[in-house]
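Asker: Here is how the chains run, residue by residue.
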Amino acid sequence: MTTTIYVPCDTTALSLGADRVVQKLQQAAAQKNTELHLVRNGSRGLFWLEPLVEVQTPFGRVAYGPVEPEQVDELVAAGLFDGNPEHPLFLGDISQHSYLQQQQRLTFARIGITDPICIEDYIAHGGFAGLKKAAALTTQGIVDEVKASGLRGRGGAAFPAGIKWQTVLDEPQNQQKYVVCNADEGDSGTFADRLVMECDPYMLIEGMTIAGLAVGATLGFIYVRSEYLLSQKMLDEAIRRAEVLGYLGDNVCGNGRSFRLEVRLGAGAYICGEETSLLESLEGKRGLVRSKPPLPAIKGLFGQPTVVNNVLSLAAVPYIMAHGGKAYADYGMGRSLGTLPIQLAGNIKHGGLIELAFGASLRKVLEDFGGGTFTGRPMRAVQVGGPLMAYLPESQWDTPMDYEAFAKLGAGIGHGGVVAFDDTVDMGEQARFAMEFCAVESCGKCTPCRIGSVRGVEVIDRIRAGEHRDDNLVLLQELCETMVDGSLCAMGGMTPFPVQSVMKHFPEDLMASPRPVEA
Amino acid sequence: MHMSETADPKAAVMSMPVAGDWSPEIIRQEIAALQHKPGALLPILHAIQDRVGYVPEDAVPIIAEMLQQTRADIHGVISFYHHFRTHPSGSNLLEVCRAEACQARGGRALERHVQERLSVGYHDTTADNEFTLVPVYCLGNCACGPSIRVNNDIIGRVTPQKFDQLVDALTTSVLQLK
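Protein chains in written order, with the numbering used here: chain A, 101 to 619; chain B, 1359 to 1536.
Chain B on its own, in the form it takes in the complex (with noise of 0.2 angstroms):
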C-alpha cells in the first residue's frame, strides 16, 4: 500500500465539510484562492459550499463584484444545479437514489419507507434537524442497490430493516455503518 506515503485520498473523501457561520472575508478568501482559473465558478461555488455548507444567498453580490459578473449570472449558475444548497442542511445529509438501477431492487419502497420513518419529503429536513432528504439519480453502485448516501458515504443493498438501524445509530451515539 503506497498511500501512506502522502496525504491518502480516501481520508480526504471521509472528511466532513463542516457547517457553520460564515464571514463576507471568508467568502473573499475562497474566491480570491481559485478566481485566476478559466470558469472558475463551479470551483468557487464547490469550495464556498464545502467551506460553509452552503451558498448563502448574500454571498452571490461577492462573488458577482469579484468575478465581474452580473448578480443574476451567479445566481443563475447556483439555481441551476442541484448539489448546491442556499441554505444549510440538517445534521446529515441523506441522498436516495431514484433511478431505474436501483428501482429493480426495491428502490421505490425503501423512499417510501425513508420518507414514513423520517416523517419529510424531498428537499426537506426533519423537525429535530438531524436529517435533509433529497432524491439522488444514480450513485455509480448499480449492481448493488438499492443505494443511500449518508453525508460522504455510499451504502448499498439497503433494506429498510438496515435503513432504521443507520438511522437509530445516527441519532443516538456513535456513527458506525454497516
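For reference, chain A alone in the conformation it holds in the complex (with noise of 0.2 angstroms):
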C-alpha cells in the first residue's frame, strides 16, 4: 500500500528544515517497507506549524506540526504513516484550524493543498476557470469586471486597477503594449508575493493573461527580486508547462490571440520596487525613478502602455473574472473592497498569512490571529504596510484595516505586512533604522531622498547624544517635512512617516541614549 505525503516546500518550510524532514521520512519508510508518494505541496501559511506534515488517510489528510527533523522517528513509530491522532504534534484536519476558518481565502484558497507546480492540481481545483470565461469576452467586458470588483492596487498605492487598464486599453491597438508584474517584494514584514509565486505560481500567470487579453497586449514580465531564487524557478518551469497546454501562446485557450511571459531577476535594490524604477530596471538601466506624467499605463516598458501591477493584485483576478466582479466586491468596507491578504510578521506566536475582508480591526489580527508576541511579553509597537510605514501604538489598534481609516491617522496599509515588537524595542533605533535604509537604497535621483536620508541619521544620533536636542528635534521635523513634500517618489517621500510616527508616539526613546545590544 501506497502511503501520501505532503511536506511543504515553500521558503519558510524550507528554512525549518523541511527538506530534512523528507530525507528523514524517506529513510524511515525504507526502514518499515511503506512506500511513499511523497507530495511537496505549498504552504498553507501557518508558519508556527512549519515544517507541517500531512499524511492522507481513508478519512482525509491530517496534520502533524512543526516537525523537527529529529522528530520524525519517533512520529513514524507512533504511527505517522496511518495518521495516528495519539501525538502531541498531532493537528486533525488542518482546514478546520480556527486560523484558517475565520479567514476569507479568496486569493489564497489553493495554497498549501496543491502541487504548486502540478498544472493538472490548479485545473482541478478551478483553476484557469477565470481565464477561459475573459477569452469569451471583449477586452471591453474584461475592463468592465475588473472595474466592478473595485479591486484596488495591492502594492502599496491601491490606485483602481480598472482604470488602470482602461487607460491602457484606451491607447491605440496598433502598437506594443505590455502587462508588467512587480514581484519586487521588498518591504519587511511581506511575504504574499512569495506565496503566490512558491505555492500558486499558475495563478498569476493566468491573472497576467487576462490583463494580456484585457488591454491588447502580447508579452508580459515578472520582476521578481533576487532574493526570491524559488520563485523564479517554480514560475519558469510553471510557464513552461502552461505553454505547452496552450493558456500561454501564440492561441491562448484557442481564442486566437496572443501572450507570452518571461521573467526577469532583479538585482537587490529596493528601490526596482517602485514601478518606474522596475521599467528602467528592465529596460537594462539604473534603476532610477522616472518623472509622472507620462503614466506607465501611457508610456511605460520602452515607451510602450503598460500594466503595472503587483503580485497580489493580479492573483485576485482569476477569482473575479470566475466569479464576476460583483462577487469579490460583496466583500469589505467603504471603498475597500474584496480581501486583504495580511502577512503577520516579527515578534508574534502565530506568524503567517492572513487573507481577510477589509475591515477587521488590526487588534483583532494580532491578537485573535497573532495570540501576542513570540517572546511572551507585553506588545509595544506595531508597523503596517512596510519599512516606509508609521508605527502605531497601542492606542490605535482598533482602527479598521481599510485604506481610508489608516490614511486618516497618517498611516498605511501598503502591502498589508504587519511587524510586532515587544517591549524590548528601542523606537529611537527603528527611527534612526527608516533613515539609515533610505540613505542605503535611495536611487539618489533627487535631493531630499538621497541628503535627506542621511543628514537624518545624522540628527537622530545627535538628538539621542544630547546635543542641542531641542534645536535638532526641531530640525528633524524640519527635515521630514522637506523630504515629504520634495521628494520625487515614496522612497523619500514616505521613510519619514516612521521617524515622525516615533517623535509622537514614543518621544521619551527617541531622547534616551541607544540601548546597548547584548550579543
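These are computed hints drawn from the structure, not numbers from a lab.
All values reported here derive from a predicted model rather than from experimental measurement.
Be aware that a few hints might be false.
[Stated by the list, open to error] Below, a list of computed lysine-lysine pairs in the BS3-like style, where the Cα atoms sit at most 25 angstroms apart:
(1) K233/A / K392/A
(2) K392/A / K545/A
(3) K385/A / K1395/B
(4) K1520/B / K399/A
(5) K132/A / K247/A
(6) K449/A / K1395/B
(7) K1520/B / K124/A
(8) K399/A / K545/A
(9) K247/A / K392/A
[To be verified] Pair by pair, the computed Cβ-Cβ distance ranges are:
(10) Q276/A / P1382/B: 52 to 62 angstroms
(11) Q1387/B / P394/A: 52 to 62 angstroms
(12) E220/A / E1383/B: 35 to 45 angstroms
(13) R1470/B / D561/A: 32 to 42 angstroms
(14) T239/A / Q1387/B: 57 to 67 angstroms
(15) E1474/B / K392/A: 43 to 53 angstroms
(16) G1434/B / S358/A: 29 to 39 angstroms
(17) D1379/B / Q127/A: 38 to 48 angstroms
(18) N274/A / N1487/B: 53 to 63 angstroms
(19) D523/A / S1449/B: 38 to 48 angstroms
(20) P1382/B / G544/A: 24 to 34 angstroms
(21) V617/A / Q1426/B: 42 to 52 angstroms
(22) F159/A / A1391/B: 45 to 55 angstroms
Note that the Cβ used here is the ideal one computed from N, Cα and C, for glycine as well.
Take each chain as given, in its own frame, and dock them per the hints.
Answerer: Have a look at this one:
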C-alpha cells in the first residue's frame, strides 16, 4: 500500500528544515517497507506550524506540526503513516483550524492544498476558469468586470486596477503593449507575493494572461527580486507547462490571441519596487525613478503603454473573472473592497498569512490570530505596511484595516505587512534605521531623499547623544517635511513617516541614549 | 508529486554557481546567448556572475562593445545594484537580514554576534576566505526570523548558538543545515 505524505516546499518550510524532514521520512519508510508517495505542496501559511506534515488517510488529510527533522523517527514509530492521532503534534484536519476557518481565502484558496507546479492539480481546483471566461469576452468586457470588483492596487498605492487597465486599453491598438508584474517584494514583513509564486504560480500566470487579453498586450514580464530564487524557478517551470497546454502562447485558450511571459530577475535594489524604477531596470538601466507624467499606462516599458500591477493585484483577477466582479466586491468596506492578504510577522506567536475582507481591526489580527508576541512579553509597537510606514502604538490598534481609516491616522496599509515588536524595542533605533535604510537604498536621483536620509541619521544621532536636543528636534521635523514634500517618489517621500510616528508616539525612546545591543 | 517529470525547479536552485577563472570567450558566450532580448543587460550580468562568481571589471569593455553601449553605462548599472560583485566572494556567501521583522526577533543581536564570531564587518571576507558577509534587507521569511542566507539556503529562527553550529559545520566538512 502506498502512503501519501505532504511536506511543503516553500521558503519558510525549507528554512525550518522541511528537506531534512523529507529525507528522514524516506529513510523511515524504507526501513518499514512502506511505499511513500511524497507531495511537495505549498505552505498553508500557518508558519509557526512549519514544517507541517500531512498524511492522506481514508478519512482525509491529517496534519502534524511543527515537525523537526529529529522528531520524524519518533512520529513514524507513533503511527504517523496511518495518521494516528495519539501524538502531541497531531493537529487533525488542518483546514478546520480556527486560524483558517476565520479567514476569507479567495486569492489564497489553493495554497498548501495543491502541488504548486502540477498544472492538473491547479485545474482540478478551479484554475483557469477565469481565463476561459475572459477569453470569451471582449476586451472592454474584461476591464468592466475588474472595475466592478473595486480591486485596488495591492502593492501599496491602492490605485483602482480597472481604471489603470482602461487607460492602457484606450491607447491605440496598433502598437506593442506590455503587462508587467511587480514581484519586487522588498518590504520587510511581507511574503504574500512569494507565497503566490512559490505555492500557486499558475494563479499569477492566469491573472497576467487575463490582463494581457484585456488591454491587448502580447508580452508580459514578471520582475522577481533576486532574493526570491525559488519563486523564479517555480514560475519558469510553470510558464513552460502552461505554454505546452495552450494557456500561454500564440493561441491563448483557442481564442486566437497571443500572450507570452518572461521572468526577469532584479538585483538587490529596494527602489526597483517603485514602478518607474522597475521599468528602467527591466530596460537594462540603473533603477532611477522617472518623473510622472507620463504615466506608465501611456508611456511605460520601452516607451509603450504598460499595465504595471503587483503580484497580489494580478493574483486576485482569476477569482474576479471566474466568480464575477460583484462577488469580490461583496467583501470589504467603504472604498476598500474585496480581501486583503495580511502578512503577520516579526515578534508574534502565530505568524503567517491571513486573508481577510477589509475592515477587521488590527487588534483582531494581532490578538485573535497572532496570539500575542513570540517572546510572551507585552507588545509595544506595530509597523503596518512596510519600512516606509508609521509605527502604531496600542491606542491605534482598534483601527479597521481599511485604506481610508489608516490614511486618516497618517499611516497606511501598504502591501499588508504587519510587524509586531515587544516592549524591549528601542523606538529611537527604529527611527534611525528608517533613515539609514533610505540612505542605503535611495536611487540618488532627487536631493531630499539622497541627502536628506544621510542628514536624518546624523540628526537623530545628535538628538540621542543629547546635543542641542530641542534645536535638533525642530531640525528633524523640518527635514521630514522637506523629504515628504520634495522627494520624487515614495522612497524619500514616505521614509519620514516611521520617524514622525516615533517622534509623536514614542518620544521618550528618541530622547534616550541608544540601548546597548547584547550579542 | 509531478516535479520529477522534468527538471526539479528546487534542485536547480540548490546548484551553486562555481567561482573560478574566466576568459573573454566565456563572457562573449554569455552575452551572445542573451543579447537578442529587449533590455538584456541585467540578464547578461546575472549570467556572468552565476558562471564566474562575480562580474570581472575587465568584462565591462567586452559587454560595452557587444551591446554597443558605453563602458560608463555598463559600469553604472553594475555599481547601482547591490547584487552584483566585481570581486570573488569567499567560499560561502553569508547574508544576514537587517530589516525590521528580523530586528523584532533579535536580528540586531544576531548581526553583532555574526560579526564578532567571524571577525569581519559587512562586505568583508574572513581571513581564511571561508565567508563573505553581506547585509540583506528582507528574505521574505518574516514570520520566522531572524533569518540568514548561506549561499542559496535560507535559514530561519537563527540564534547565536545555531549560527555557531552552522559555521562549525561549514568550516569542517559536510554541509548539513538545521
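Asker: Each of the hints needs a verdict: does it hold here or not?
Answerer: Consistency of the hints with the structure:
Only pairs whose Cα atoms come within 25 angstroms are accepted, and K233/A paired with K392/A is rejected, the gap being roughly 35 angstroms. For a cut-off of 25 angstroms, the pair hint linking K392/A to K545/A stands: about 14 angstroms separates their Cα positions. For the suggested pair K385/A and K1395/B, the alpha carbons sit about 14 angstroms apart, so the restraint of at most 25 angstroms is met. For the suggested pair K1520/B and K399/A, the alpha carbons sit about 50 angstroms apart, so the restraint of at most 25 angstroms is broken.
At roughly 57 angstroms between alpha-carbon atoms, K132/A and K247/A are farther apart than 25 angstroms, so this suggested pair is violated. A distance of roughly 46 angstroms separates the Cα atoms of K449/A and K1395/B; the hinted pair therefore is violated under the 25 angstroms criterion. Using a Cα cut-off of 25 angstroms, the hinted pair K1520/B and K124/A holds, with the two alpha carbons roughly 20 angstroms apart. Between K399/A and K545/A the CA atoms are separated by roughly 20 angstroms; this keeps the pair inside 25 angstroms, and the hint holds.
A hinted pair counts as satisfied when its Cα atoms are at most 25 angstroms apart, and K247/A with K392/A qualifies at roughly 24 angstroms. Take Q276/A and P1382/B: their Cβ atoms lie about 35 angstroms apart, and the range 52 to 62 angstroms is violated. Remark: the range hint 52 to 62 angstroms for Q1387/B to P394/A is contradicted by a beta-carbon distance near 38 angstroms. Separated by about 44 angstroms at the C-beta atoms, E220/A and E1383/B satisfy the suggested range of 35 to 45 angstroms.
Between R1470/B and D561/A the Cβ separation comes to about 18 angstroms, which falls outside the hinted range of 32 to 42 angstroms. For T239/A and Q1387/B, the Cβ-Cβ distance of about 42 angstroms falls outside the hinted range of 57 to 67 angstroms, so the restraint is violated. Taking 43 to 53 angstroms as the suggested C-beta distance range, the pair E1474/B and K392/A conforms, at roughly 46 angstroms. For G1434/B and S358/A, the Cβ-Cβ distance of about 35 angstroms falls inside the hinted range of 29 to 39 angstroms, so the restraint holds.
Evaluation of the 38 to 48 angstroms hint for D1379/B and Q127/A yields a pass: the beta carbon distance comes to about 40 angstroms. Judged by the Cβ atoms, the range 53 to 63 angstroms given for N274/A and N1487/B holds: they are separated by roughly 58 angstroms. For the pair D523/A and S1449/B, the supplied restraint of 38 to 48 angstroms holds, since their beta-carbon distance comes to about 41 angstroms. Between P1382/B and G544/A, the C-beta spacing of about 32 angstroms keeps the proposed range 24 to 34 angstroms intact.
Taken as a hint, the range 42 to 52 angstroms holds for the pair V617/A and Q1426/B, whose Cβ atoms sit roughly 50 angstroms apart. Evaluation of the 45 to 55 angstroms hint for F159/A and A1391/B yields a pass: the beta carbon distance comes to about 53 angstroms.
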